[in-house]
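Each chain, written out:
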Amino acid sequence: MTEIQFKHVTKIFGKKVEAVKDLSFIIEDGEYVSLIGPSGCGKTTTLRLLAGTVLPTRGKIFFDNEEVEKLPIQKRNLGFVFQHFAIFPHMNVWENIAYGPTVKGKRKSEIEELVEHSLSSVQMKKRAESFPSELSAPELQKVSLARVIAAEAKILLLDEPLGALDQKIREEFQFFLRDFVKKQGLTAIHVTHDQAEALSISDKVIVLNKGQLIQMGTPEDLIFSPTNLFTSFFVGESDFIEGYILDDSTRFSKVRVGLESVYVQNAGISKGERVVIAIRREFFDVKKPNKNNENFLTGKIISDKFLGLFRRVKVLLKNQQIIEAKIHAKSPIKFKENETVHVIIDPSRTRCFEFPKEGIQKSLEM
Amino acid sequence: MVSVRMEKVSKNYGKVVGIKDLSLSIKDGEYVAILGPTGAGKTTTMYILAGLISPSSGKVFFDDVDVTNIPAEDRQIGFVFEEYNLFPRMSVEKNILFGPIVKNLDLSVSRKVAYELLNLLNIKGKEKNYPDEISGGQKQRVALARAIVSNAKLLIMDDPLRALDAKIRDILQVELRKLVKDLGLTCIHATHDTHEAMRVADRILIFKDGQIVQEGTPEEIYNNPYSIYVADFLGENVSFKGKIVVENEEKYLLTENNLKLRVQTDFSSGTNVVALVPLELIDVYNKEESSNLNYDNIIPGKLIQAKLIGEFFELILDISGMKLKAYELIGKKNVPTSPNSEIVVGMDKDDFRIFELKNEKLINSEKSIEDE
Amino acid sequence: MIRTDKEDIEIFFRKTRLKIETLLSRKSVVLAGKVITISIFILIIIGPIFYLLLQIFLYWGEIYSKVFNDPILGNEAFLMMLRSIGLSLKVAGIVTFFDLIVGISIAWVLARYDFKGRKVLDTLVDMPMAVPTSALGFSIYLFWGTNNGISRLFNSNVGLVSQGTLLIILTHIAFTFPYVTRSIKGIIADLDLNIEKAAKTLGAPPFTIARMISLPMVKESLLAGTVLAFTRSLGETGATLIVSGVYQTAPVVIVSWMKGLKIPTTAFLSLILIVISLLLLTAVRLFARRVGLPWNKVFPRFERKLSSKKVSRTRDSLSITLFFVFVFIPALFVIIYLFQWWNKSPFSGDNEAGMIYQVFQAPDKKIDSIIHAFITSIEVALIVTIVNLIIATPMALLISKTKDDKLKGLLDTLIDIPLIIPSSALGFSIFFLWGSNGLHLLSPGFLMIIVSHISFTYAYCVRPLVGAFDAIPTMYDEAAFAFGSSKLTAFRTVTIPFLKSGLIAASIMTFTRSMSETGATIIVQGVERTIPVLLVDFFEASTFPAAAFAASLLILISFLSLLLLRYVSKER
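Chains A, B and C, in that order, are what the protein sequence lines are. To convert, note that position 156 of the first sequence is 156 in UniProt numbering; the numbers rise steadily by one, no gaps. To convert, note that position 112 of the second sequence is 112 in UniProt numbering; the numbers rise steadily by one, no gaps. To convert, note that position 499 of the third sequence is 499 in UniProt numbering; the numbers rise steadily by one, no gaps.
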C-alpha cells in the first residue's frame with residue numbers, strides 16, 4: 001500500500017500546451033480512485049505523471065512521503081493495466097506473469113511461488129500454458145492483473161481497463177476488479193471515460209477539466225454535493241436557474257428567480273449577490289398547481305416524454321428558463337402541452353453557487 | 001420531406017442473411033429509430049436505403065418513386081456514420097462543402113447554409129480546423145452538417161452516437177432531434193441503445209435477425225412488448241416463473257417460490273408463464289411506510305445491498321428467498337439504503353409483462369439475477 | 001542440493017546480465033550509442049558526398065580547366081556533360097510520366113479488386129525491382145533490339161527497336177514503375193472504404209471520389225514513389241550500359257570517364273547528379289504537404305462518364321495488358337533466349353555459338369569466371385547485409401523512438417540520400433574519399449566494393465526496420481519498464497521478438513540490392529568482378545548466350561529472394 005500525493009504539479013507539452021495545471025491531491029493507502037473528465041482534460045497525462053513516463057514541468061509527486069517525480073518508471077514499483085492488455089504475445093501466460101520477478105533478479109523458486117500465487121488470485125491456474133492469442137479479452141485482463149501481483153507492485157495504474165470488454169461483461173468485471181484490488185491491498189488509479197463505471201467502482205473520483213482538478217470526492221459527494229458548476233454539469237444531468245439572494249439569514253437562503261422566489265441550500269453567499277442554483281434533474285418534482293405546494297416555481301409544460309427508465313418533463317419557467325425533470329416512469333399524472341404546473345424544489349437537494357463572472361456557458365466549456 | 005417505403009427487401013451475403021423480407025414505411029417528416037443489437041440488420045437496412053448496397057430482392061421507394069436501382073450519389077440523401085468518416089485532408093469547411101461542390105450547387109448559397117448549420121450546432125469558429133484537431137462530438141456535428149447541407153431530404157444515421165462519451169451523447173441526442181424537427185427532415189436513426197431510441201424518435205422499429213419484430217411509439221413498445229426478446233432488449237427485468245391461478249375472479253401468478261402476485265393477463269388459469277417486471281417499476285420502501293402504500297401487490301422483504309450508480313440506486317433485495325434487483329431514481333425520497341433493513345416492494349398488476357412459457361428462451365433476465 | 005547449485009548459477013548469470021543491461025541503459029551510455037550510430041552514418045553515407053563537394057571546392061581551378069578549358073578539347077567535356085544530363089533528365093521525365101499512369105492503375109487494381117491470380121500479379125509487379133538491372137536490360141534488349149525477340153512475330157531480320165533513347169525508356173519503365181505501384185498499393189488497400197462511402201452519399205461518382213478523396217490521401221507516398229522512380233531512372237547504370245548504344249546517359253558517362261581515369265571531370269559530373277537528386281529530395285520533403293493539386297473543380301458529366309463501368313473496366317484491363325507486353329515478357333525473355341541458344345545457334349545451327357560451348361567448353365572457360373563472380377557477389381552481399389543490420393538497427397531505433405521531431409525529420413531525410421543519388425556517382429565519391437585521392441585507406445577491389453555497397457543499401461536496411469519499430473505499440477515497453485526492466489532488458493525481452501520479420505525483410509532487401517548493383521561496383525571494383533558486372537562484360541564482348549546464362553541465373557536468384565520476402569512479410 002502506498003499513499004500518493006501530488007503537490008502543485010504542472011505539465012506543459014512543447015511550449016504552450018498545458019496538459020495539467022497546478023494539480024494537488026492526496027490518494028490514501030489502499031484507496032481506489034478514478035479520474036474522469038471530458039476528452040483532453042488531462043486524465044491520461046496525470047496517469048503518465050504517476051507512472052513516470054511523463055515528468056512534471058513543475059511541482060512534486062510523493063509516494064509515501066518519498067519524492068518520486070524524478071524517479072524513472074522502473075523504480076516506482078507500480079503495475080500498469082492497459083485497455084489493450086499489453087500481454088507480451090511471444091510469451092505464454094506463465095512467462096508473462098513471471099516477467100516482473102525475472103527481470104528483478106529473483107530466484108527461480110521464488111518466481112515459481114509468486115506466479116502460482118498470482119495465477120490463483122485471478123483463478124487462471126488452468127491457463128498457465130496458454131498463449132495470449134488463445135485467451136478472451138477478460139482473461140487477458142486477468143493475466144495483466146496477475147502480472148502486477150507477481151511483480152509485487154503496490155500501485156496499480158489502470159488506463160481504460162474495461163474499454164476493450166463487451167458491455168455485458170464489463171459490469172461483472174467491474175465487480176471483480178474492485179474486489180481484487182481490495183483483497184490485494186493495492187492503491188489503484190483508474191482512468192475512464194465512462195462516468196457510471198467510475199461512480200460504481202471507486203472510493204473516490206477526481207473530476208478534471210482543462211487540466212485542472214475540479215472536484216475530488218466520493219461518488220455520493222459528486223452526485224449529492226457537487227462543489228461547483230462544472231461537476232454539477234458533468235456528473236449526471238442538472239439544470240441551472242439564475243437568481244439573486246433575497247435573504248441569507250436562515251438555514252436555507254431565499255433566492256429571487258424572475259418574479260418568484262424559492263428557498264435553496266444556504267451556501268454562505270450574501271444578500272443581493274447574483275447566484276446560480278444547480279439542481280439535478282432527478283430532484284425536481286412537477287405537480288399540478290395546488291395550494292398545498294411549497295417552494296416551487298411556476299411554469300408551463302413543453303413536453304412530457306416517456307423514456308422507459310423514467311419520464312422527462314420539460315417545463316418553461318416564468319423567467320423563460322427551461323428545466324427538465326426526470327420522474328418515475330409510472331408517475332400517475334400525465335401532463336399536457338402548455339399546462340401550467342408547479343416545479344417543486346427540495347431546498348436540501350439544491351446547490352447554490354455564485355454566478356460565474358465569465359458566464360455559465362463559458363464556465364461549463366469542456 | 002420525403003416518405004420512404006421498403007417492400008419485401010432481402011439481402012444475403014453469401015449464405016448469411018442480412019435482412020429478410022423486410023417491409024417498412026416512414027412518413028414525411030417522421031423521426032424513426034431502428035433499434036436492435038449488432039447483427040440485427042440495422043446497417044444493412046441503412047445501406048440499402050442509402051443505395052450503398054443493392055438488395056438481393058425487393059424494392060425501395062422514395063415518395064412512391066422506385067429508387068432501387070439508383071446509385072447512392074443520385075439519391076439526395078444525407079448519411080451520418082458511426083465513425084464520422086470526415087475527409088481527413090479537408091478542413092471542416094471543405095468537408096461540409098464537398099456535397100455542394102460535387103453536385104455543382106451554387107456555392108454562395110451553400111456556404112450560407114453551412115454557416116447557419118455550424119451556428120445551430122455550436123461549432124462556429126472551427127471552419128478552418130482539420131478533423132484531427134477537433135473532438136469526437138464536434139466531428140459528429142460536422143458530419144451532420146455535411147450530410148444535410150446539400151438539400152438532403154432524407155437523413156440516415158447509422159448509430160451516430162456510439163463512439164462518443166456518455167455526456168456528449170446525451171447532449172447530442174437533444175440537438176439531433178431538435179435539428180431534424182426544425183428542418184422538417186425525414187429521419188431514420190439506427191441505434192443499439194434503447195434510451196437513445198426512445199429519446200430521439202417518434203416511432204421505434206425493433207429489429208431481430210434481419211426482421212422487424214415490433215414497432216410503435218416508445219410508450220406503446222415499453223408497455224406492451226410482444227416478446228421476451230423485446231422486453232429484454234428494452235431494459236433489465238426481474239422474471240417470475242409460475243402458473244396463472246384465478247381466485248374471486250382475479251388473476252394471480254403463483255410463482256415457483258410461492259409468491260402470489262396479482263396480475264393482469266388474458267392467459268387462463270393453469271397456464272405456465274414467465275412474468276417480467278422492469279427493474280425501474282419495482283418500487284421499494286422502508287417497512288414503516290407500508291401502511292400508506294397503494295399497490296396491487298405489496299410484498300415484504302429484506303434489503304441486501306444498495307449501491308449508487310449515477311441517477312439510480314441499485315438495490316439488491318431478498319423477497320421470500322428470491323434475490324432480485326430494483327432501480328430507484330435518486331430523486332425519490334427515503335430510498336432504503338442500509339443493508340439488512342426490512343423493506344416492502346410495491347408492484348402494480350400492469351407492471352407485469354406476461355408470456356406463456358413454451359419454448360421461447362429467456363435471454364438475460366434470469367442470468368443477470370443469478371450472477372449477482 | 002544439486003538443484004540449488006543449478007539455481008545459484010542461473011541466478012548469478014541472470015543477475016549479472018541484468019546488471020550489465022542496466023549499466024548499458026544509463027543515459028550516458030545510450031547517448032554514446034546515439035553518437036556512434038550517427039557518426040557511422042555520417043562516415044559511410046554522408047562523408048563521401050561531403051568530401052566530394054569539398055574537393056571540388058578546393059581544387060576548383062584544376063577542375064575548371066579540365067571541364068571548361070581543356071587545352072585540346074576546350075569545353076567539350078562540359079558540353080558532353082550537358083548532353084548526357086539533358087538526355088538523362090528527358091528519359092527520366094518521360095519514364096516517370098508513364099510510370100505514373102501504369103503504376104497508379106496497377107496499384108488500384110491490386111489494392112481494390114479481388115480476382116484469381118491477384119497474388120501472382122502482385123509478386124510479378126515487384127519483380128523488376130528485385131531483378132538486377134543489367135540482367136533486365138539485357139533481356140529487354142534481346143526482346144526489342146535483336147532478331148530473336150519481338151521481330152520474329154513480324155518475320156523481320158533486325159530488331160524492332162534499336163539501341164538508343166526509345167529502348168532506354170522502355171527499359172527504365174520496366175524497373176521504375178514498381179516504385180510507384182509499391183509506394184501507394186498498400187496505402188490504397190488500407191484506406192478506409194467508409195470515407196469513400198461517405199463521399200458517395202454526398203453525391204460524388206467513383207472517379208470523382210478517387211480524384212478528390214482517395215488519391216490526395218496517398219499524395220505523400222505517391223510523391224515519394226515518383227521521386228524514387230525518377231531518380232532511379234536518372235541514376236541507373238547497368239541496364240543503360242546495355243541498351244543505350246551511342247546515346248550516353250550521365251551515369252554511363254561517369255562509368256566510361258572513370259574507365260579512362262578522367263578523375264576531375266568525373267567528379268564534377270557526379271556532383272551535378274548528386275545535387276540534382278538532393279534538390280529533388282529536399283523539394284519533395286518540404287513541399288509534399290503543401291502541394292494542393294488544383295483539384296477542387298468538378299466536371300460532373302465528364303467524370304460520370306469516366307466512372308462508368310465500361311470505361312473503368314477497359315482502363316483496368318489495358319493497364320494489365322501493358323504490364324505484360326512492355327514489362328513482364330521483355331523482362332523474362334532472356335530465359336526463352338537461353339533455351340533458343342542452349343547448345344547451338346537457332347539460325348545457323350552452329351554449336352560454337354550455343355550457350356553450352358561458350359560457357360563450358362570454350363578455351364576461356366567462362367564458367368570459371370562466372371563461378372568466381374558469383375562467389376564474390378554472394379560474399380559481398382552477405383558481409384554487407386550483416387554489417388548493415390548491425391549499424392542500421394540502432395539508427396532505425398533512433399529514428400523511430402526519438403522525441404525530437406527535428407532530428408527525426410532530418411535523419412529521415414538523410415537516410416534517403418543513398419536511395420536517390422545515382423549509384424555510379426555514389427560509388428565514385430566513395431572511391432574518391434577512401435581511395436588514393438582521399439584517405440588512401442582502400443584501393444579499388446573487394447573491400448571498396450563492400451564499403452560502397454554498405455553505403456547504398458543502408459537505407460534499404462533502415463527503412464523496413466523503422467517500420468517494424470513503429471509498428472510495436474509503446475504499451476509493451478511501458479509494461480516492461482513498469483516491472484523494473486532497464487531499457488536494454490526490455491529491448492532484448494520484448495522488442496526483439498516483435499522485430500523478427502522486420503529484420504528478415506531488411507536482410508533480404510539488402511542482400512538482393514547488393515547482389516544486383518552495377519553502377520557503383522564498376523567504379524570501385526578494381527580487378528574483382530561481381531556477376532552483374534560480368535554480365536555487362538559478356539555483353540560488351542558480344543557473347544550473348546553466356547550473358548543470357550548469367551542473366552537467367554541472376555533472375556532466378558532474385559525471384560527466389562522475392563518469394564522468400566513475400567513469405568516472411570506475410571507471417572506478420
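Everything labelled a hint here was simulated from the structure, so no lab data went into it. Please note: incorrect hints may appear among the correct ones.
[Claimed, not checked] Pairs of lysine to any residue, SDA-like flavour, derived with a Cα cap of 20 Å:
no. : chain 1 : residue 1 : chain 2 : residue 2
1   : C       : Lys500    : A       : Pro132
2   : C       : Lys197    : B       : Glu82
3   : B       : Lys307    : B       : Lys323
4   : B       : Lys307    : A       : Asp179
Computed from a predicted structure; not experimentally measured.
Item to complete: Starting from C:Lys197, check that the Cα of B:Glu82 is at most 20 Å away, please.
Response: holds, 12 Å
Discussion item. Checking one constraint from the list: CA of C:Lys500 to CA of A:Pro132, max 20 Å. Satisfied?
Written reply: Within the cut-off at roughly 18 Å; holds.
Item to complete: With a cut-off of 20 Å on the C-alpha distance, tell me whether B:Lys307 and A:Asp179 pass.
Response: Holds: B:Lys307 and A:Asp179 sit about 15 Å apart, inside 20 Å.
Discussion item. Check the hint pairing B:Lys307 with B:Lys323 against an upper bound of 20 Å on the C-alpha distance.
Written reply: Cα-Cα ~15 Å, so holds.
Checked against the numbered hints above, the structure breaks none of them.
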